[in-house]
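> Each chain, written out:
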Amino acid sequence: MSKYAMNGITLMQYIILIHASQVGTGIFSLPRQLAETSGTDGWMTVLLAWIINCLAGWIMLLTLRKYPDFTLLDLLSHLFGKWLGKLLALPLIIYFASFGLVIMVNSMLYIKSWFLTKTPAYLVVLLFAIPSYLVVRNGLRVQARYIELVFYMTMWMPLFMLIPVGEGNTLFLLPFLKEGWLPVLQGLQKTVFAYAGFEILFIIYPFLQKKKYAIHGFLIGNTLTLLYYLFITIVCFIFYTPDGITTLNQPVLSLLKNIEFRFLERFDMIFLAIYLLVVSKAWIIYISCAVFSTAQIFKKQDHSIFSGIYFLFAVASVYVMNPTWNQSEEWTKLLSKAAFGVMYMFPVVLYIYVRGFEMLRRGKTG
Amino acid sequence: MKKLLFALLSLTLFTTGCMDKMNIEDVSLSLLIGIDLDENNNLIFSTSSPVFSQEAKIKEEVYISPAITMRESREEDDKTFMALTVGGKVQAILVGKRVMQHKGWLKLLEPLLRDPKNSITGRIVMVDGNAYDVISYLPKDKPRLPLYLTKLIDTAHLRNICTKTTLQDLRRATYESGITANVTEIKKEKRLFVTGTALLGEEGEYKFSLAPTENKLLRILQHDTKGEFSFTFKNPNQPVGEIFPATAYSFSTSGISVKTKTDYVSDKFKFDINVQMRVVLTERLFKLDIRKEAKKLEQEIEQEMTKRMKKLIHKIQTAKIDPIGLGIYARAYEYEHWKPVKERWGETLAKADVKVSVKVIIAGMGISK
Amino acid sequence: MYFFSRFYKKYPSQKRIKMGKMNQIHEETAEDRLISIELFQNIKEIKQKFPASPDLVIHQFTTGLKQTRVALVYLDGLTDKNSLNNNILRPMMYDSREVNETPLPTISSCRTVSSWRDVENAILQGESVLFFEGQVEVRVFDTTGWPQRSIEDPQLESSLKGAHQGFVETGVQNIALLRRYIPNLELRIKEHIVGRRGKTNVWIMYLEDIAHPEVLKELEKRIEQIDIDAVINTGELAEYIEDNRYSPFPQFILTERPDSAVSQLLQGRFVVVVDRSPSVIIAPATFISFFQSVDDYSMRWLIASFIRLLRFLAFMIALLLPAVYIAFLSFNYEVVPLQLFLSIAESRARVPFPPLLEAMMMEIMLEMMREAGIRLPAPVGQTIGIVGGIVVGQAAVQAGIVSNIMVIVVASTAIASFILPSYDMGTAVRLLRFPMMLIASLFGIIGIVIGFMTLLAHLVALESLGTPYGSPLAPFRWQDMRDTFVRFPLWSMFRRPESTRAIQEIRMGRKRSKEKDS
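Heads up: the sequence lines are chains A, B and C, in that order. Here the first sequence is numbered in full-length UniProt numbering, starting from 1 and rising by one per residue. Here the second sequence is numbered in full-length UniProt numbering, starting from 1 and rising by one per residue. Here the third sequence is numbered in full-length UniProt numbering, starting from 1 and rising by one per residue.
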């Protein structure tokens with residue numbers, strides 16, 4: 001029995017964790033960003049990106065499969081020695097931590113412009129921090145439970161996107177590949193932030209109870225995200241005209257503005273408020289990855305102190321910087337680049353290194 | 001220690017929270033917004049918002065003020081209104097005809113699209129006359145004007161007397177090069193009337209108006225066959241009555257299917273619009289054995305319908321606009337040819353070959369023979 | 001700082017436990033003296049031990065041919081006089097005159113002790129003690145018979161179709177009530193004694209082949225750790241053994257219905273019977289189990305499902321409705337449709353208070369009325385309800401203190417919180433409503449979502465006896481959904497819920513319907 005079995009997660013939780021870490025705030029602006037580069041063929045970009053992600057995740061799992069009980073830090077320490085391993089893990093921890101922070105800041109900006117215009121930014125982040133801290137300070141099992149519960153509770157939300165579809169026009173999607181393949185490929189870089197998230201495999205893999213389904217679970221989780229994105233992109237493209245969609249910052253939210261019921265108007269506000277639950281999944285999983293690894297570096301079993309410090313730091317940094325939309329977009333771009341490295345380059349390099357490492361070892365012993 | 005921190009934290013929340021609080025009674029909702037131009041081409045904004053006080057005799061606050069932009073006009077309103085003006089519930093934006101005749105008036109609506117707190121489902125209405133005349137109209141036999149006006153437009157839209165264009169629809173039409181916008185048109189004389197639909201050009205300028213019957217045809221051509229379509233035609237083959245219109249007959253549709261085919265032949269776009277209607281006779285003032293002569297009547301309806309539609313299309317082509325949205329078809333099916341003419345689609349459509357064919361089936365004649 | 005640490009210690013500190021044990025040892029050496037061989041010595045000792053006890057009866061007489069001097073000691077009122085007279089005194093004084101040996105009383109439960117501590121305990125428990133001249137052993141007879149209530153319909157959890165027998169204050173009888181349902185050898189009972197002064201008997205009941213041994217170990221450990229004066233009520237015991245002391249949610253089910261206790265036993269849970277208390281603890285509990293009632297299983301499953309859904313809806317209404325009212329009126333009025341907006345605004349226009357104050361006033365008023373209704377005798381309680389509900393509500397609206405809508409909100413909240421079958425969960429919701437209202441008044445709808453998130457975070461982290469409280473929602477289990485929001489037909493629920501950690505997962509004798517049909 002491995003040392004992480006105590007906190008084991010089921011296959012379903014594993015699938016949902018992967019899916020949850022991917023779906024965050026990126027989705028609101030994704031259709032616009034895709035339309036800017038790839039026009040109405042943007043949905044094909046989503047499909048293409050999915051294939052690439054599946055490959056990347058597969059390579060990650062190829063490496064991890066060899067060390068089923070190792071988290072990222074264990075693995076790096078094993079491969080590069082104790083100190084170098086810790087040093088190498090540091091940028092990744094910073095990556096996870098800042099990813100969590102940027103998701104929180106993004107959500108804060110949404111909340112601020114939709115609901116609490118005059119409330120100071122740090123206060124909104126503080127509000128996020130309270131429930132998040134209660135979840136993050138516990139083991140991965142509790143986080144998985146939270147994320148699973150929220151996932152099932154919010155499953156109905158995309159269905160509401162179907163209501164305005166009736167006013168749309170499927171002709172907007174035609175013709176396919178109107179400008180050829182080039183714009184479709186160019187759009188790929190825009191999907192990095194939206195798809196980023198499955199790198200948490202490095203941390204959660206050792207907790208998975210049934211390791212033989214790791215790859216299946218990953219594929220299902222990733223496909224779930226694909227379906228989600230594909231659905232929303234196509235709905236937006238159908239509803240908005242190809243020229244009109246690029247003039248909106250968050251087409252998804254503007255789309256929801258059109259939904260009115262006899263008993264409820266301005267559905268986008270309700271949606272966004274409840275969507276906070278969905279986004280909280282994403283930041284919670286990133287932050288817990290960061291905090292868990294930090295605790296591992298310091299060889300602490302209990303990471304509740306680190307999560308407390310993290311949230312205090314998050315609130316303080318928002319208080320100091322008071323981020324604006326433009327800043328947050330800059331950070332998102334920067335993180336997309338980092339995510340590109342972590343998601344696609346790092347696993348390949350690691351895999352090659354591990355193969356070499358193993359061969360060397362075998363040569364020594366044999 | 002942790003608890004102490006927690007207590008401190010909640011204290012901060014209490015003292016710093018509730019900055020965005022605005023109680024419902026401190027809010028003055030602009031339900032109607034009017035935009036006009038005076039003789040010297042200065043913008044005049046007008047607002048109507050409800051008053052909730054029981055002591056107030058009139059339940060509506062109306063203020064008309066000259067201002068540079070809509071946002072500035074809100075400040076003007078706050079000078080006199082009881083509560084703070086907000087725009088979260090705009091029901092209709094009334095635009096005077098004189099404003100609409102100028103290109104680029106759409107820019108005035110910008111604040112409504114930018115602030116996320118504003119709703120974008122407000123109806124856009126062109127007023128034949130001054131918008132502030134409508135806004136300051138206080139009908140005695142009707143509920144509050146905003147409620148009355150929206151109800152009027154919505155029900156008229158169900159009968160397809162006029163179009164219903166929300167801010168979102170207008171926005172979509174303006175950003176799309178393959179379609180031009182159309183909005184509801186109303187008029188105030190002694191009371192309010194919905195007069196039909198106003199067709200706008202590529203940059204929002206007013207082109208010409210459609211009567212209710214024409215509006216129905218436009219709806220059909222747009223593939224928008226929701227609601228009720230009822231027509232009253234005159235049969236040319238029947239003897240004309242002396243006082244009573246003995247040649248008239250009416251029918252409503254029970255199902256319409258429209259197909260538009262796009263083609264590009266000899267440097268010209270070609271559109272074939274096929275309309276199939278199932279109609280139910282609702283009125284017939286002359287004698288006709290429908291069991292035997294249904295075909296004849298069907299043909300008559302087809303001819304009349306085609307004639308009217310052709311007339312409408314001709315009107316549209318001469319105005320160089322495209323309210324039908326044929327440009328969307330052109331882009332979807334003939335992208336190569338559409339791309340170069342994208343910017344001047346109106347002119348291209350004027351030269352295009354648009355054919356209409358109508359097929360009518362009488363599905364029912366009611367309970368009298 | 002000391003103040004805080006004293007209040008917020010999770011479990012009794014090591015030091016206190018150690019001291020407690022030392023105390024016990026000390027007591028044992030002092031009290032564990034043996035009975036003297038001389039009868040008058042013993043009687044003197046007894047009289048010393050029970051100084052101010054007018055209810056102590058010492059009855060001296062001779063018995064048998066040898067005319068042995070004996071003394072019967074008991075506490076008047078705690079013993080059954082009939083049994084004493086007929087089964088002890090009669091055979092010993094009357095029937096034994098010709099018998100040579102010491103005569104035997106005709107009583108079923110009889111044991112022999114020889115230490116003073118046991119004698120004391122026996123007398124205090126209502127048993128009668130017989131001293132013999134020249135013997136160092138004492139006979140103890142179970143003649144307990146204290147004032148008792150007969151078995152009645154449960155007061156707090158009334159049910160339409162369930163059994164009409166509720167638990168009473170006698171633990172043994174409660175055990176008997178449970179045993180009646182499960183005449184099976186696997187039903188085990190473990191006895192513990194809690195409270196140094198109170199010495200309450202606490203019995204843990206479980207089904208050996210279903211219940212998880214680890215949970216039992218945990219439960220026993222916690223009960224053994226309790227070191228207090230006395231336990232008066234089951235609720236007190238529950239507070240000493242629960243997992244999270246700051247949670248507003250009940251972590252154990254407290255029930256006074258034997259039938260619901262039995263159904264939980266059969267699912268693999270534990271029942272803790274506390275002597276002198278008319279309710280039992282069911283552990284481990286889940287959040288969902290507070291929404292289930294015995295009636296659900298004796299109704300048609302479609303109707304039961306509908307009622308179950310109604311309860312969840314009621315839970316949400318009771319928790320969120322006033323908060324939503326405040327949020328919509330102070331922050332997010334855009335969401336309210338225009339027509340409704342106008343009518344709310346018109347009724348609000350006269351009210352001089354902000355929505356939070358208005359809502360708080362009415363909610364606190366409601367809570368007071370409810371509390372007043374409980375304490376008053378039933379007929380008066382009803383009057384209070386009418387006066388409070390109709391007169392105050394109507395008058396408040398007319399006086400322009402609250403709006404019409406607020407009265408509707410408060411009334412529906414009250415009704416909704418009564419629907420929950422568990423009183424404990426109902427009170428939790430009543431309490432949680434207030435922080436929700438507060439945060440809604442600070443941040444509007446976002447505040448409500450944050451509050452809800454906090455609640456979720458708390459619920460997923462909460463455990464009851466080490467099993468997840470949120471099961472089967474978090475961790476999610478499709479199998480158990482059959483008895484969560486809706487109640488599936490009984491034949492389809494052949495598995496025991498995961499939250500009980502039952503070692504025998506499939507219920508006995510239950511087969512899939514297909515097999516049954518063929």
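Hints in this document: simulated from the structure, not taken from any laboratory. Incorrect hints may appear among the rest.
Said to hold, decoys possible - Below 27 Å or equal to it, Euclidean Cα-Cα: the simulated DSS-like pairs (lysine-lysine) are: (1) B/Lys261 / B/Lys187; (2) B/Lys351 / A/Lys178; (3) B/Lys287 / B/Lys315; (4) A/Lys112 / B/Lys351; (5) A/Lys178 / B/Lys59; (6) A/Lys178 / A/Lys66; (7) B/Lys311 / B/Lys270; (8) B/Lys107 / A/Lys178; (9) A/Lys118 / B/Lys117; (10) A/Lys178 / B/Lys342; (11) B/Lys270 / A/Lys178; (12) B/Lys315 / B/Lys295; (13) B/Lys339 / A/Lys178; (14) A/Lys112 / B/Lys164; (15) A/Lys118 / B/Lys261; (16) B/Lys117 / B/Lys79; (17) A/Lys178 / B/Lys259; (18) C/Lys47 / C/Lys81.
> Now tell me, hint by hint, if it's right for this structure.
We went through each hint and held it up to the structure:
Between B/Lys261 and B/Lys187 the alpha-carbon distance is near 37 Å, which puts this suggested pair outside the 27 Å criterion. Under the criterion of a C-alpha separation no larger than 27 Å, the hint pairing B/Lys351 with A/Lys178 is consistent with the structure, at around 25 Å. Distance check on the hinted pair: B/Lys287 and B/Lys315 sit about 35 Å apart at the alpha-carbon level, beyond 27 Å; violated. Between the alpha carbons of A/Lys112 and B/Lys351 the distance comes to roughly 51 Å, so the proposed pair goes past 27 Å and is violated.
Taking the CA atoms of A/Lys178 and B/Lys59, the gap is about 56 Å. The hint is violated against a cut of 27 Å. Restraint check: the Cα-Cα separation between A/Lys178 and A/Lys66 comes to about 45 Å, which exceeds 27 Å; the hinted pair is violated. Simply put, B/Lys311 and B/Lys270 have alpha-carbon atoms about 17 Å apart, close enough for the 27 Å limit, and the pair holds. For the hint linking B/Lys107 to A/Lys178, the alpha-carbon distance of about 31 Å lies beyond 27 Å, and the restraint is violated.
Simply put, A/Lys118 and B/Lys117 have alpha-carbon atoms about 13 Å apart, close enough for the 27 Å limit, and the pair holds. Restraint check: the Cα-Cα separation between A/Lys178 and B/Lys342 comes to about 14 Å, which is no more than 27 Å; the hinted pair holds. Pair hint B/Lys270 plus A/Lys178 holds up; C-alpha atoms about 21 Å apart against a cutoff of 27 Å. For the hint pairing B/Lys315 with B/Lys295, the CA-to-CA distance comes to about 30 Å; that exceeds 27 Å, so the pair is violated.
Between B/Lys339 and A/Lys178, the direct Cα distance comes to roughly 10 Å. Compliance with the 27 Å bound is thereby established for this hinted pair. Among the hinted pairs, A/Lys112 with B/Lys164 is inconsistent with the structure: their alpha-carbon atoms are about 33 Å apart, more than 27 Å. Proximity of A/Lys118 to B/Lys261 is assessed by CA-CA distance (about 53 Å); at most 27 Å being required, the pair is judged violated. Straight-line distance between C-alpha atoms of B/Lys117 and B/Lys79 comes to about 22 Å, which keeps the hinted pair within the 27 Å bound.
In summary, the hint linking A/Lys178 to B/Lys259 is supported, as the alpha carbons are separated by about 23 Å, within the 27 Å threshold. Taking the CA atoms of C/Lys47 and C/Lys81, the gap is near 21 Å; set against the 27 Å cutoff, the hint holds.
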